[in-house]
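Each position in the sequence shown, counted from 1, maps to that position plus 664 in this note's numbering.
Calculated directly from the structure, the hints in this document are not laboratory data.
Quick reminder that beta carbons are idealized off the backbone N, C-alpha and C, glycines included.
Please note that the accuracy of each hint is not assured.
Unchecked claim - Derived SDA-like pairs: lysine to any residue, alpha-carbon spacing no greater than 20 Å straight-line: (1) 922 to 938; (2) 771 to 988; (3) 754 to 742.
Unchecked claim - FRET-style restraints, in silico, Cβ to Cβ: (4) 734 to 758: 25 to 33 Å; (5) 726 to 683: 14 to 22 Å; (6) 681 to 812: 17 to 25 Å; (7) 914 to 848: 16 to 24 Å; (8) 756 to 777: 28 to 36 Å; (9) 685 to 1061: 41 to 49 Å; (10) 1027 to 771: 43 to 51 Å; (11) 1068 to 721: 25 to 33 Å; (12) 821 to 775: 16 to 24 Å; (13) 949 to 854: 21 to 29 Å; (14) 756 to 854: 34 to 42 Å; (15) 771 to 1058: 20 to 28 Å; (16) 772 to 1068: 30 to 38 Å; (17) 733 to 819: 41 to 49 Å.
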Amino acid sequence: NGAKTSFKISIGPIPQRWVAEHHSYIEGEQFCDNMVKGPFGRWDHAHKFLAVSDDEMTIHDHVDWKLPFHFFSRIGAPVMVMPRLRQMFKHRTRRINADMNRQAKFKDAPRKRILISGSTGLIGTQLSAFLETDGHDVHRLLRKTSSLHPDSDKDKIVRWDDQTGEILEGSMENFDVIIHLAGAGIGDKRWSKKRKQLIINSRTIPTKNLSEQIAHLKSPPSLFMSASAIGFYDNRGDEDLDETSTIGSGFLAETCQKWEQATEPARSAGIRTVILRTGLVTTAAGGMLQKLLLPAKMGGMGPVGGGRQWQSWISFDDQIYSIHHLMNQDDSEGIYNLTAPNPVTQKVYAKTLGRVLRRPAFAPIPGFMMKLLFGKMGKGLILDGQKVHPKRLIESGYEFEHSDLESALRDTLGRFN
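Kindly generate the complete structure, drawing on both the sequences and the hints.
The structure is reproduced here in structure tokens:
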């Protein structure tokens, strides 16, 4: 009771912050939240959980809402709001079912004590929440300058100086799994010489320091999972790439190689290490898709630079679920490509996004414009591409939630048929 949650929603092109306060909590039965700041004149939401059997329950939601200027908006309000509400609850139902189905696959596996770096980032936040709801004891590895969310458990924090490896608070001892996801955003700013060095250093230095810390622990983890990216392969045209493919050339390939090599101290100490070479994570909450949404909604998202370059994407769900899957495999080790089994060309990506949004997607965007706007970053992230396949992930028995792009886009954008 009294806890507050803050998030952003989009009403047309305008983002708005929604702040909800929780109250009337009864363990195992219900909780309620009311909007204290946001787009509605009133929003009171009661969530009730009713047990049907030992392994089944029903969720009942009751929402009392009205728009601002209720006297004037009350007639058109149902037409404006109810379709969005139905969409929201449909998406939530899909999310709960998908999460529970994934967790059920490993219901008999022992619960683990897990330490996650990058836990405040886009992927780390959702991975932490998913693992916690699966019954794992999740702790967060934070830099000395990182702020702590008011609702975070202060007893589950390990604080360190990622540039020196010094532990400032807590201990890394006695964790079953350590998952390392931290690193400066690769597509946040233009690639100046200074920015490129920051991108490399923010990955290699903390990874090496963490690996050395792990290697010298008295009770080290049985598994160390460290992020990387498919930029390792660089621009390879139509060549089919998997985990056995050689390194490419260029800035991204060099960065990923150094990033992966920084895990050597942990591997040399005999700690089972998994390298997660991640593709383009498809989510409206961030990354490339978030940047494309506004022009796409305005009908200005067509083929970029000819559209022939390959885009090896992965849904946000599969990014989380594949990490969970590999964490629960006793023999997982080495490099895994975290990409969907069906990469697409940029032209197909743009066309599919337009179809999902019901917007035209034929206006071409010249490659020189991307270079003009984004410099070397535009070439490395937008005009270059890789046709990557998740060979080892599939061989490990992983089943994709979204194997085709349209399914992933519809899910993250809430545009269901």
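Non-conforming hints, listed in increasing numerical order
none
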